[in-house]
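4 protein chains.
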Amino acid sequence: MLNIRTDLAVEVSENYKKINKKEIDGIILEEKELENIKITSIRVLNEEGSKKLGKPIGNYITLDISENTVYDSELMEEVALVGGQILRKLIGTDEEKTALVVGLGNWKVTPDSLGPKVMEKIMITRHLKNLMPDQFDEEINSVCAIAPGVLGITGIETFEIIKGIVQKIKPSVVICVDSLASRKVERINKTIQISDTGISPGAGVKNNRMKINEENLGVKVIAIGVPTVVDASTIVNDSMDLIIDELLNQTEKGSIFYKELIELDKEEKNRLIKELLEPYLGQLMVTPKEVDLVIDGFSKIISKSINIGIQPNLDVEEINKFMN
Amino acid sequence: MLNIRTDLAVEVSENYKKINKKEIDGIILEEKELENIKITSIRVLNEEGSKKLGKPIGNYITLDISENTVYDSELMEEVALVGGQILRKLIGTDEEKTALVVGLGNWKVTPDSLGPKVMEKIMITRHLKNLMPDQFDEEINSVCAIAPGVLGITGIETFEIIKGIVQKIKPSVVICVDSLASRKVERINKTIQISDTGISPGAGVKNNRMKINEENLGVKVIAIGVPTVVDASTIVNDSMDLIIDELLNQTEKGSIFYKELIELDKEEKNRLIKELLEPYLGQLMVTPKEVDLVIDGFSKIISKSINIGIQPNLDVEEINKFMN
Amino acid sequence: MLNIRTDLAVEVSENYKKINKKEIDGIILEEKELENIKITSIRVLNEEGSKKLGKPIGNYITLDISENTVYDSELMEEVALVGGQILRKLIGTDEEKTALVVGLGNWKVTPDSLGPKVMEKIMITRHLKNLMPDQFDEEINSVCAIAPGVLGITGIETFEIIKGIVQKIKPSVVICVDSLASRKVERINKTIQISDTGISPGAGVKNNRMKINEENLGVKVIAIGVPTVVDASTIVNDSMDLIIDELLNQTEKGSIFYKELIELDKEEKNRLIKELLEPYLGQLMVTPKEVDLVIDGFSKIISKSINIGIQPNLDVEEINKFMN
Amino acid sequence: MLNIRTDLAVEVSENYKKINKKEIDGIILEEKELENIKITSIRVLNEEGSKKLGKPIGNYITLDISENTVYDSELMEEVALVGGQILRKLIGTDEEKTALVVGLGNWKVTPDSLGPKVMEKIMITRHLKNLMPDQFDEEINSVCAIAPGVLGITGIETFEIIKGIVQKIKPSVVICVDSLASRKVERINKTIQISDTGISPGAGVKNNRMKINEENLGVKVIAIGVPTVVDASTIVNDSMDLIIDELLNQTEKGSIFYKELIELDKEEKNRLIKELLEPYLGQLMVTPKEVDLVIDGFSKIISKSINIGIQPNLDVEEINKFMN
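Chains as they are written, first to last, in the working numbering: chain E, 1 to 324; chain U, 1001 to 1324; chain P, 2001 to 2324; chain W, 3001 to 3324.
Extracted from the complex, chain E is given alone in its bound form (with noise of 0.2 Å):
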């Protein structure tokens, strides 16, 4: 099922300098604003930036787009660009490749069938280059794709599917795509992740062992997130702080309900929401009402970006032919 415990990094470091009034040390953060793209990079250098963010020292670019871009092909377009650039830098240019793109998730559950519907969509030549090498030249990389399913349908860990893979074919990248969940609502639709530091698959045993990552399969793993659901107890949660906050407003500072109001904090609420949710709300998830559109929209873009990102020297006019 869907990914729910990964944290977008750009949420994780806003939360950081919320709370804590500066940058985390030991990670660069930037930031770009195109007309229609926000794009945030940040950097991890060492321990202490990845301990204090919670993720592997590498880098994680975040672009932030409007919710309407799914309803607007030019739109698509310009972000599909933007991502294919970013991963142009992140694959490196340099010399012939052999990228394995792994589509996550699960087809039958449709906020969770982002990764199987981009590998649909990705331009396959290794097959080609193996059976004509002489049509090919090396301009072309080679392209190959799978969509693993999930541990629920398969009884097998996706990464031991991907390892298994990767020893027979021995790409130079491994694309991974996949489903998030995200912490805040305002993500759903609007971001787009990508990092060079590895994803864990939702449903995976949780020891490290199991993490699709350049440590565990011995080549340069990308990850592409986009968040597409919100867990239940993550918007009840988010739902009472901004009701609190308005308590707070409307009460007279010092007096008693407003202490116990503030006394209301965090952990408390999320221990109470924990124990008495948990059961009622355990099963349910909070999609956009759209979802099948904008999981299509999605796909569309992100593959886009991977056939751009991996065959750095295809124009995009070539691409689009392609893809149409």
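These are computed hints drawn from the structure, not numbers from a lab. A hint or two may mislead.
Heads up, simulated DMTMM-like pairs for lysine to aspartate or glutamate below, C-alpha to C-alpha not over 25 Å straight-line [to be verified]:
#1 Lys2253/P with Glu3260/W
#2 Lys3108/W with Asp1296/U
#3 Lys321/E with Glu2095/P
#4 Lys300/E with Asp2231/P
#5 Lys2253/P with Glu3252/W
#6 Lys121/E with Asp2241/P
#7 Lys1300/U with Asp3292/W
#8 Lys3321/W with Asp1238/U
#9 Lys289/E with Asp1238/U
#10 Lys3108/W with Glu2120/P
#11 Lys3300/W with Glu1290/U
#12 Lys3184/W with Asp2241/P
#13 Lys3289/W with Glu2186/P
#14 Lys1108/U with Glu246/E
#15 Lys3190/W with Asp2231/P
#16 Lys1121/U with Asp292/E
#17 Lys2269/P with Asp3241/W
#18 Lys2289/P with Glu3275/W
#19 Lys2321/P with Asp296/E
#20 Lys1190/U with Glu3318/W
#21 Lys3184/W with Asp2231/P
#22 Lys108/E with Glu2186/P
#23 Lys259/E with Glu1290/U
#24 Lys1269/U with Asp292/E
#25 Lys1321/U with Glu3120/W
#26 Lys1321/U with Glu3317/W
#27 Lys108/E with Asp1292/U
#28 Lys1300/U with Glu3317/W
#29 Lys1163/U with Glu2120/P
#30 Lys2289/P with Glu3186/W
#31 Lys190/E with Asp72/E
#32 Lys2321/P with Glu160/E
#33 Lys289/E with Glu1275/U
#34 Lys108/E with Glu3290/W
#35 Lys3300/W with Glu1067/U
#36 Lys2184/P with Asp3231/W
#37 Lys121/E with Asp2072/P
#38 Lys1121/U with Asp3231/W
#39 Lys1108/U with Glu3120/W
As the structure is a prediction and not an experimental result, all values here were calculated from the model.
Please arrange chains U, P and W on chain E, whose structure you already have, making use of the hints.
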């Protein structure tokens, strides 16, 4: 889109009793407990009952079933049979019938696709009876079906489409199936409501003229609804109630905080939630994670109930054989 | 099921010319070659032309396109534009219109799902114009759409459904889209026929009363059809012709075998194929292996043509933005 | 794409007998007629049998069933049980097993989607046994499954993917399910072949190294295949045979035309069909019109057979309950 304004009669009645410590006047409520199904029949007798229940005069039968039903074929069969018997009573078995089954909802949005999915499993006989009248005796009723789509994708009020068809084919009964929204998370997956008072398709203009009922169509209308989503603001509301109750338990009675909490009455809370959260939650819905499977299961149960209900002269084996 | 009796006007005309060495009297045939599209317009002027062509008086425009069209987004755009211009001419651009788009066919059978797939991509405006008449000027036409299903799954003649809706909403034009069967394998994937003489849904009772045309609906009817299957017996027939031709080439002219082959005339061959092969081929259809992709591509082309054709005051960019 | 080169062993054997008037040496053929199922077991004993049959040494069991099977749930249950018993014999019931079920084929192309559809209905237990070893005794076998896709959409030989996974999870048996092409139209919908000699995925490079069998995988391989398409050239060929036979019947024996027809021998005819028709028929396939429904029915039958076959200690009721 989903019919989020439709409450289940049984919920309204329960709420009324909780607050007023008595049943609504002008309604008769009967409960019957089978091993795996609880049947609640509410009969609204007169204007007084109708006004207090907020529902037209007529019959409302609710089946409460285990949430495991859709994972257990025997339970499914049992529920389908009970539903079929109820439908036979509402439709009547006295004379030859022509039934039009209407699968309301949007087939592109999973939690709203119950109606169209049911429609596809109905035993269609009308064209065969028309084509080969000698081969069918009057014991087989004439059945046809349509999935008219929703206003957002057709641009036509669902009522207009139904009315046009009814005028052409003059059925003796119209059976509508729709996804509902519930006010209670606990209803999701676990309730089927059958009534003979009509239904308002979700996105329709909310004037009475557009309601799909006997008054407007000139023919008996039976509606079957299953709650498949909860509004995001509903779940926040319910969660806050749980938490306030827990806080009250933990707080010394008579203390000021206790009093303030008590005073944080329902209306105020609803207003806060509405004002603060509408922009934030408005485009979200809450569904079971397994919504695809749940909708599929309910579409099997309800289509079988309808096939049984409209063909009192066929035995269940014949219907099962057809439906597999 | 599929409309296998519908021949393309252009095929009949070609056959006639081949046999009779001249054009049919009473029709005007014009051809125009663009770089990637051949446009053949047949205008049936009078009863004589109608009888010989076996088609009602009116216009039949056929676009012959490359079979690669659906793999090339630029070609698709080009074809969509040409189709849009033809539709503008047939619909007329003089005054405000209300259009009803009808997606004929069965969404559960891939090669028959073109109509429903097109219907889902139409720019629906009617409900918005009704709801907010001040926000739309008369330059935007009112568009609504329906996918009525097929007789086998609804039990209702498609004509009855359309007629019922037309009487309610009184459109100024009805645009029907359907999958066709071709007599020629070469037409599959490569032809779009647009006519203003109506259409007979495939499985309908074949009486004239049920034809979806201006005479029966009281409103102009434009039909757009794409051949997506060939009858199994057609392909056997065509193949035998090829083989007999080849045998004739190899056989000494004047020999007895040659004469017998020549005498194995069309009628005899057709009778043999019909008698011998019907039971054996009756339930089979022949489609391109990539039928899912082909249908998807044509649904994009045709929905864009319709969106362009029915909204002469919008430019293509606006329509593209909407449709993406 | 579809595995069009795979012939059914039973077809080859029938052909041999027809031509040679005797059974192939080195094979044992047994037939058993149940009320609704004919079971043909071919055991290839040695190299001679293998060479003549063109199939490896091993067992080939064919179930011939009524074409109405998928419309009748009782027949489906019956066939599933028979299939389950055959699989129990081939898999063995002596000791604890780990089974990997492989759903071969392309889920995007309906007639090729049988394997992936079966895969989704398999009772997956491996992850549960790994997670909670104490809750499962050794009576429940460990089952996992994968749908690896096809070369055209992954760029990876299916064999490479399977081999990689087999090396990681070391199953005791691999069960592959695939759509087949038949040489005979009559086989479509009506045949299930089970063998223990492996399978060659359709689009794979046709070298022996890539065959999914015990020799290459190091573990027993059971293959289950259902013919779902006929090659377009096959159906032309068969049709011509029917017609030539009919012409011969009508033609005076001893006449020149008769002789020439007789001389139009198989090889020549095949060459003609191949040369003349390949470019014309190459991209076409022939399927039943109801292919969606047929594939769905067979996926239920075969998944139930596998669930029964791999869990000899569960009774059918338990499996039915799970599978519904």
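Review point. Hints broken by the structure, by number, lowest first?
Key: 3, 4, 6, 8, 14, 22, 23, 24, 32, 38
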